[in-house]
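S.K.: Single-letter residue listing:
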Amino acid sequence: MALINSRSSISQRGRETSPHALGQNSTQRVMSLVIMATIPGLMAQTLFFGWGTLINVVWCSLIAMGCEAAVVSLRQRSVSFYLSDCSALLTGVLLGLALPPFAPWWLSLVAVSFGMVIGKHLYGGLGQNPFNPAMLGYVVVLISFPQEMTTWLPPLGLEGHNNSLTDALFTIFPLGQSVDAISMATPLDVLRENKSLTINELWEANPVFDGMAGRGWMWVNLAYLASGVFLIWRKVFTWHGPVGMLAAIAIMATLFWSGNGSDSHGSPLFHLLSGATMLGAFFIITDPVSGATSNRGRLIFGAGVGVMVYVIRAWGGYPDGVAFATLLMNMAAPTIDYYTQPRTYGHHKANKGLPKKD
Amino acid sequence: MDIVLYAIGALLALALIFGAILGFAAIRFKVEGNPIVDQINEILPQTQCGQCGYPGCRPYAEAIANGDAINKCPPGGQATINTLADLLDVEPEPLDAEHGQESITKVAFIREAECIGCTKCIQACPVDAILGAAKQMHTVISDECTGCDLCVEPCPVDCIEMRPVDITVRTWSWALPQPNHGKAGLIATDLRGQTV
Amino acid sequence: MNAIVKSPHQDIQSPVAGSQVIASSERKIWPLTGGVHPEENKHQSTSRPVSVPPLPETLVLPLSQHAGLPADPLIRVGNKVLKGQMIAKASGFVSAALHAPTSGTVTAIENRPIPHASGFYDLCIILETDGQELWCQLAPVADYRQLSPAELVEKVRDAGISGMGGAGFPTAIKLAPGTAINTLIINGTECEPYITADDMLMREKADAVIQGAEILQYMLGARECLIGIEDNKPEAITAMRRAAAGKNIDIVVFPTIYPSGGEKQLIQILTGQEVPSGKLPADLGMVVQNVGTAVAVKDAIVDGKPLISRITTLTGDALAAPQNVDVLIGTLAQDLLQYAALKTSELSTLVFGGPMMGFTVDRMDIPVIKTSNCLIAATEDEFPAAPDAQACIRCGHCAEACPSSLLPQQLYWHARAENHEQLMHHNLFDCIECGACSFVCPSSIPLVQYYRASKGAIRTQEAKHTKSERSKQRYEDRLARLEQEKAEKEAKRKANAERAAKLKAAKTAEQTGSDAKAEEDPIQAAIARAKARKAAAAAGNSEPASGRQASDRPLSAKQKELKVQLSMAKAQAKKTERALAAAEASAELKGDRKDIEQLKSNLAMLNEQVSQLQQAFDENSQDSASKDSPEKPVKVAKPALSDNEKKRKVELAMAKAALKKAERALAAAVESGFPDEQENTESFKQAVEACQANIKRLEAEASEPPAETAIPPSADAKPSAKAKAPLTDEAKKLKIESAMANAAVKKLQRAIASTGEDEQDTLKQQLVAAEQKAAELKQALESLS
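Protein chains in written order, with this note's numbering: chain A, 4 to 361; chain B, 0 to 195; chain C, 278 to 1062.
To be clear, the hints were calculated from the coordinates, so they are not data collected in a lab.
No false leads were slipped in.
Straight line, CA to CA, 30 Å or less: simulated BS3-like cross-link-like pairs of lysine-lysine:
| hint | chain 1 | residue 1 | chain 2 | residue 2 |
| --- | --- | --- | --- | --- |
| 1 | C | Lys763 | B | Lys134 |
| 2 | C | Lys732 | B | Lys71 |
| 3 | B | Lys29 | A | Lys355 |
| 4 | C | Lys933 | B | Lys134 |
| 5 | C | Lys937 | B | Lys134 |
| 6 | B | Lys119 | C | Lys771 |
| 7 | C | Lys744 | B | Lys119 |
| 8 | B | Lys105 | C | Lys732 |
| 9 | B | Lys105 | C | Lys744 |
| 10 | B | Lys119 | C | Lys973 |
| 11 | A | Lys238 | C | Lys541 |
The following block holds chain A by itself, in its conformation from the complex (with noise of 0.2 Å):
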């Protein structure tokens, strides 16, 4: 009987779980699209900053795809089938726009393939690592390398701003020549270093700051927050992080602005506006693998970045902190999921820390 014989057909793959029937979305999907939107602010970045960025974000992310296949062929696996994930790919181009435009060759190298080796494969691969591997290999590099890490390039419109492709390409790449870069601290910096100018001095003295955050990171981080409401809109994230952060540095900011002296830590808009916030609250702690998981956690998670993030940049030692404090909070990520487990249907009440030893 025909029909019989046609059980070959349909015993070719065996039994197979339910359901059979599976929806578009793919790792890969969600990965190409958070690049995608990365670039509006990368050519905010160009713009303001030259070339520097550009070919930073190609660098890192030549690097870190390399890291990505050498450890995937490392450990006898399918280097396509990883590579295609995008995610190295993702660690890359962020490690790429977070660096200084003009950060020398090897600093990038250090940053990427310590985030991507160490950080990232040596726990075990995508999903497993415990710390986003894009802010590891950037602390890496901010504490050995401070001074490379700390300048940044003026910004459009200021003497000195460089907008020439291959003074970008020599800078970084310095082959036998060596171009005298021009560079001139960021206005977090500036903002830190500053003990004896009222705000109002300060603006006027120094040619980085205009308008609310300075020359140029205003545009910058409103291009990254166009992004990530485009990406909130497209539902690869939920608004749970980005706000919880945003709202956290905010209040922080509007608790701690002692007005116009020469103490004042910054108005509320100009954290929000300066340094990586956009690009932190929307393309950093969005990352899932290494934040928590339910969507109450997601806004605890988030306020605690944004909390650390103003500490840092009022009290701490460096100018900005959005690496640190993503760290720190990635650390403290599974005990946010513990205590914010989700009330299960049935239940009267929400589940909260480990199982009860009996």
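Based on the hints, put chains B and C in the right spot on chain A.
M.R.: Frame of chain A; chains B and C shown alone:
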């Protein structure tokens, strides 16, 4: 010199006071907990098979409580070892192969045509799961059989065999997805020598 | 990744439908937590009306079509059955009866493949149809209000109705919940893609649904009745609204979202309440029944017809004519698919149930059962093989899709680690396995399988724990019993020792009495003698004096023989007496006098024998001239020969034990297989051979004297032995020996299988010898019997 004496005196007084408090607390707040032997015995599979080298589960539980290794129980397998390790707060070890290997659950089965009714297996069964009388055919109550296989050896006509417990529609359940279901689920050593 | 290629424009869609509350005309409804929107694919099978496929030649009726215990067959192979006749009855509280879907002959009751995710076989009744469709006697109820709800529940139970939505829980149990029911909810949601059976049922049999709902409402005494339907079934809604007009039934329409049709989810949507974990809807005063079940109840009460058919959706791209069919339970999938014009070459996956919760089967000779609401014959494009699972990135989409507000990704990690404690902490058993999490997972992780496997493992572990608890109890009880037996034995031994001491005392008293005869007062001596005699008599001993008298002069051969027999008979009598005493002691405890009576009669008989022998002996010794005694009591007692035989038997047993030991040692040596053990092995082998030779010799000796067969049974102290012919004894012995020889053969065979080649030859020789022995014994046994 006086200072030294004062110090010693003060310390003595403190020691006495705290000692008294501790002593009082030890009696007053004594926890009437499950003795550790009972807790261990609770975890052991109660097959009473003696593969651990002790005449039953409780003796082995007592031995563990007195510091014997926790990895001598093949019927319990790794799951039991892990639970014991958890209870005793020690590192779980792999099963000691000297005492046998973890195998699927089996129950004894008497080929009744061959049984001569010698009652030897009845005497050997630690849980009285064999029914029969002298010169009468014996049979195993398979629901009560722990699969210890202590009845196999004494049988003079070798009519007892250990049969694996069949999985039926009612006891079947899905297995965990294969570790290589996805290429992501493995660690490097799993694939050593293989190309993916 | 072809899934992505297929629809590149689709958003990374939200698993969440949003929490909008859409009010229907009159009732407030509540939003579902989580949920997903899979492609519906319902239009394919709704274009044709429900049809009835031709009667198949065979029906396969699994005994387990419902949750709970399998049904108990009422018919035998070869029986003719009528349509609607009960062919298997419910075998317990949670069980359901089974009825013949048509008239015909039962050709077999055997294991057949059943619709189950395991792909296992289970017991089925095979019914050869005769095409006559002869109904059995039916008992319709004209007006159900004349019957009490309890009587109606009994009718539903007899009709074999179990939930037709998928779980198959016996309906009668749900209809007698034991608590007050306020709300009856009829589930017409049918939220799973592809399935349209309930939709078509509501379109075509809306009146029957309403009638069934009314009966159910009457049976439960429910104040209100809600019928929940998703808004993607406008025709069904219209038909139902029309049928329910003017009745105390609310048709509640709510937005389409998967899995709103789950019992708990539907209750949440319609009432805003949640069924507490581990409890039933009845605890909230609610009962949920599927629309199909309502129609089945109506059929059972109003028409008296049991559940023998159901509406099933046949769909999938591999069918040219997807449709709904009113199919007899037990119809094979292959017949149905053929009816729906299966394109065999395109079929890739056959799914029983829907795409979200159904299971695949790998063959087509599987019957439709009471819970089969859909058959999907899918093509490769329709249900492509799941892509390789990638790493979990904890994106949380699963948590947002979960209708039970679980944390699927946490469950996944703990399931992978087999951390059952954490799984329980994360409420694994509140998972309804709806598949929403797997559906949205960007890494294509088979989450539901992890949960199912973990649930299975936890259940198995719990069952194991329960069993080990029971084993522990049994073990401890056994120890206690052994202890008690030991104590009893000890007590018996003590009692015996006391008796022996008494006896000894009596003897010594007699002896001292006779010694002191010369010196003491003759009266005193006489008293002592009388006392001793009394004591001896009490001990069941015959006159010891007579023996002494006889020993005075040299004995003839005849006398000697008689004497031996006499002493043996005495020993026998003594033994019996001891047994009697013991029996009496235990009888006081147990109140069982039967054994004692037997022993007593036995003892009397033995005493008689003793006195007979005594007499013969006395006669013989009185006139020394040897002459044959005509009574021949000689034969009555155990001959001396038996002693010899006993000795030989013991020797034989010992030799056999030695052989066994030697064999075991040999096997161990062979197994270890070290070259330096070779010598040992040789010596072991020699020992084995020597033992075997010994046994043969002993056996030859044992079988030589046929005299033992002539022992009269009366010599045996045990009355039970009397009943048995000595021949059977012999046969039994041979049988046991033969069995043991067979066992030895088997053991050797096993040894051969497990050893190396060089050892095999010698073992094989042994095996041949053992086989020969077994054969010889068998022959002997046959010749005997």
